[in-house]
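Asker: Sequence:
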Amino acid sequence: MMEPTKRLIELFRSEVPLDSSIIQSYCDVIASSGDADDAKVLLEWYRKHAED
Numbered sequence: 001m002m003e004p005t006k007r008l009i010e011l012f013r014s015e016v017p018l019d020s021s022i023i024q025s026y027c028d029v030i031a032s033s034g035d036a037d038d039a040k041v042l043l044e045w046y047r048k049h050a051e052d
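Number 22 in the working numbering belongs to position 22 of the sequence shown; there are no gaps in the numbering.
To be clear, the hints were calculated from the coordinates, so they are not data collected in a lab.
Remember, predicted model here, so these are calculated numbers, not experimental data.
Take the hints with a grain of salt, since some may be wrong.
Using C-beta positions, here's what the derived DEER-type ranges look like [as the list claims (entries may be wrong)]: (1) A36 x V16: 17 to 23 Å; (2) D37 x P17: 26 to 32 Å; (3) Y46 x V16: 16 to 22 Å; (4) C27 x E51: 16 to 22 Å; (5) D37 x L11: 17 to 23 Å; (6) R7 x K48: 17 to 23 Å; (7) E3 x E44: 17 to 23 Å; (8) E15 x D35: 23 to 29 Å; (9) K40 x L11: 17 to 23 Å; (10) W45 x D19: 17 to 23 Å; (11) E10 x R47: 25 to 31 Å.
C-beta atoms are modelled at their ideal positions from N, C-alpha and C, and glycine is treated no differently.
Take the sequences, apply the hints, and build the full model.
Answerer: Put into structure tokens, the structure is as follows:
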């Protein structure tokens with residue numbers, strides 16, 4: 001798993017309100033350079049916190 005993915009999950013866990021541009025920036029990096037492990041972690045987070 002890439003460092004940007006770890007950092008994004010940490011930001012989500014912190015429950016600090018995030019600007020959508022920050023989330024988008026992380027997602028752009030992860031989408032262009034990430035692998036299946038990154039996708040798995042993010043999908044799991046989404047499934048557990050879809051309402052967020």
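Asker: Are the hints correct? Go through all of them and say.
Answerer: Now the hints, each set against the structure:
1. A36 x V16: 17 to 23 Å: violated (28 Å)
2. D37 x P17: 26 to 32 Å: holds (27 Å)
3. Y46 x V16: 16 to 22 Å: Given range 16 to 22 Å: holds, Cβ gap about 18 Å.
4. C27 x E51: 16 to 22 Å: holds (19 Å)
5. D37 x L11: 17 to 23 Å: Given range 17 to 23 Å: holds, Cβ gap about 18 Å.
6. R7 x K48: 17 to 23 Å: At roughly 18 Å between Cβ atoms, K48 and R7 fall inside 17 to 23 Å, so the hint holds.
7. E3 x E44: 17 to 23 Å: holds (18 Å)
8. E15 x D35: 23 to 29 Å: holds (27 Å)
9. K40 x L11: 17 to 23 Å: holds (18 Å)
10. W45 x D19: 17 to 23 Å: At roughly 18 Å between Cβ atoms, D19 and W45 fall inside 17 to 23 Å, so the hint holds.
11. E10 x R47: 25 to 31 Å: Distance hint for E10, R47 is violated at roughly 18 Å.
Comparing the model with each earlier hint shows violations of hints 1 and 11; every other hint is respected.
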